[in-house]
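There are 2 protein chains.
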Amino acid sequence: MSVAHAESQAAVLDLERFLLVERRRVDLALAQVAAGVLDGVAPALAQPMEYALATGGKRLRPILAAAAYRALRDEPDGRVYRLACALEMVHTYSLVHDDLPCMDDDDLRRGQPTVHRRFDAARATLAGAALIPAAVRVLDVEAASLGLSAETRSKLTVELCRAGGALGMVGGQLLDLQGEEVAVDAEGLERIHRGKTGALLAAALHVGALAAGADAGELAALTVYGEDLGLAFQIVDDLLDVEGRTEVLGKTRGRDLDLGKATYPSLYGIEGARVLAAGHVDEAVTSLRGAGIRSPELEALARYVLERAH
Amino acid sequence: MSVAHAESQAAVLDLERFLLVERRRVDLALAQVAAGVLDGVAPALAQPMEYALATGGKRLRPILAAAAYRALRDEPDGRVYRLACALEMVHTYSLVHDDLPCMDDDDLRRGQPTVHRRFDAARATLAGAALIPAAVRVLDVEAASLGLSAETRSKLTVELCRAGGALGMVGGQLLDLQGEEVAVDAEGLERIHRGKTGALLAAALHVGALAAGADAGELAALTVYGEDLGLAFQIVDDLLDVEGRTEVLGKTRGRDLDLGKATYPSLYGIEGARVLAAGHVDEAVTSLRGAGIRSPELEALARYVLERAH
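Residue numbers (my numbering), protein chains in the order written: chain Y, 1 to 310; chain E, 1 to 310.
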């Protein structure tokens, strides 16, 4: 895509509409892959898995994966959305476990009863964990349907498992839990969120890029974009939590403060946290442009993260 | 290997010694892969993961995978044990979650405090789940080190995720939990254990066979062997539970009976359950021989499962 073309598109990109259309595409793809992966599963397990996957959400990870794919290839491909659902499944598993009584003990998620409130803690534990191998299977099957080589499929699997595991997301969850017990400084807070949110967001970009046949430079730039976006996202989440927009967030307001957790606003002040988030968004966009990737969608998505805070 | 050679080996195979040597090999391999996979992981997460993996156990799944490999290839290969550790990691994850307060609420596992007793429920939940993506990474990396093609690695990954997921092990865990609430008949009990124990045991044989380059007939026969072995194993577990050998099992005795769960002895009587287990072991061995697989080790392992009951 030419720079001029990209910039003219950027100028007219209606982000609200773009997100709505994309979310619908992801929801459709997710329903398809869930039907496939839950076929033959005992209803008592399939129900909480399906419930968890169907409970709304921004679908940011699959939207990012599809946008990364389109940033490198002109032609869109519907199958990319099914591939990208693997990321949403791993993200969903982490939310189900995060909400458990032994973790954050949340009753609401996206305005709906959490999985353990709707079913029970045992079912939520099992259904959450079962989403991980299901995600790996979806990734492999859909990558094969996209015609990707076994070598690339293996890379995708290892990337998803790295980002969704102890070195990535789960490590961040654990550090986050510990943050309720011990004081966390600015460096520690960034480490938490690089793992908890950043790793899987970066993996979304990575997966979309690998599926599109990215070279090493493009991969690296998209990974940096994902990491910065993840940090900006978390800072804005902390800001929204302080501002207490329960209706919008659909979760109990100010919970992190109640738990005495370190947050970006508590460490940097509200204005300082806003500046920090804006800096990460700038770095995200700069990383893309530095690698010659002109994507109005990815740039708009980065700005969207900031706009949530207003 | 000739039939005569196999039979003479079977006659002299010292099972106790074989199991001891194999267990040591698996423990060594497990320590190696754990060190690799936990490198860089936050200590608070790495510790419960390592603790869970190091807590003894029979190591039956990796031993079976290695034996399946050797049944098809004369030359042994030490790397097969590291590959086989992926199965033990998935098995270990299921035990960690099974023991959680919201599931079976067990204090002891193999005579040691369970992970949530040694650490806490949040850490046990996270560490357990993190073992799944770690297992997939180990499987892929070690299969590559064995020189297996990306195509075969993809098959191995999908097989592990199928067996360790909603259609296999986790489905069985869920049905097992439900069995505490509703009456389970003979057919239902078999369905539970085909999932809960059988799927991963069958996957162990499948993984070892795929790594050795098995043909379709050999794969099918080894899968049947694994499924029958899994059922025999579970029946004997139920028998041991009734006979209440707490010291040997290292878990609270008669727990399943306390919970009012259906068990093989409660449905078939003690003698009936013994006959049923022996029948499954016979079928397991017959399946191997029918496919021309003469493995003194696999035959001895099948007999070992029965002998545990005496």
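Hints listed in this document are in silico derivations from the structure and should not be mistaken for laboratory results. Treat the hints with care, since some could be wrong.
If several chains are the same, the list does not tell them apart, and a pair holds so long as it fits within one copy or across any two.
In silico lysine to any residue, SDA-like type, Cα no more than 25 Å apart, as pairs [to be verified]:
#1 K155 / G40
#2 K261 / A44
#3 K155 / E271
#4 K261 / D105
#5 K155 / A144
#6 K155 / Q32
#7 K155 / G213
#8 K58 / Q178
#9 K261 / L20
#10 K261 / A42
Hint-by-hint comparison with the structure:
Proximity of K155 and G40 under a CA criterion of 25 Å is satisfied inter-copy only: 20 Å between copies versus 28 Å inside one chain copy. Taking the shortest alpha-carbon separations for K261 and A44, only the inter-copy value of 18 Å comes in at or below 25 Å, while the best intra-copy value is 35 Å. Proximity of K155 to E271 under the C-alpha cut-off of 25 Å is found in neither arrangement, the shortest distances being 41 Å within a copy and 51 Å between copies. Proximity of K261 to D105 under the C-alpha cut-off of 25 Å is restricted to the intra-copy arrangement: shortest distance 15 Å within a copy versus 29 Å between copies.
Within a single copy, K155 and A144 get their C-alpha atoms as close as 13 Å, and across copies as close as 12 Å, so both meet the 25 Å cut-off. Within a single copy, K155 and Q32 get their C-alpha atoms as close as 24 Å, and across copies as close as 22 Å, so both meet the 25 Å cut-off. Taking CA atoms no more than 25 Å apart as the test, K155 paired with G213 passes in both settings, with 12 Å inside one copy and 22 Å between copies. Taking the closest pair of Cα atoms, K58 and Q178 never come within 25 Å of each other, the shortest separation being 27 Å inside a single copy and 33 Å across copies.
For a Cα distance limit of 25 Å, the shortest separation of K261 from L20 qualifies neither inside one copy, at 33 Å, nor across copies, at 48 Å. With identical chains, the CA atoms of K261 and A42 are at most 25 Å apart between copies only, with a shortest distance of 19 Å across copies and 39 Å within one.
In the structure shown, a violation is registered for the earlier hints numbered 3, 8, 9, in ascending order.
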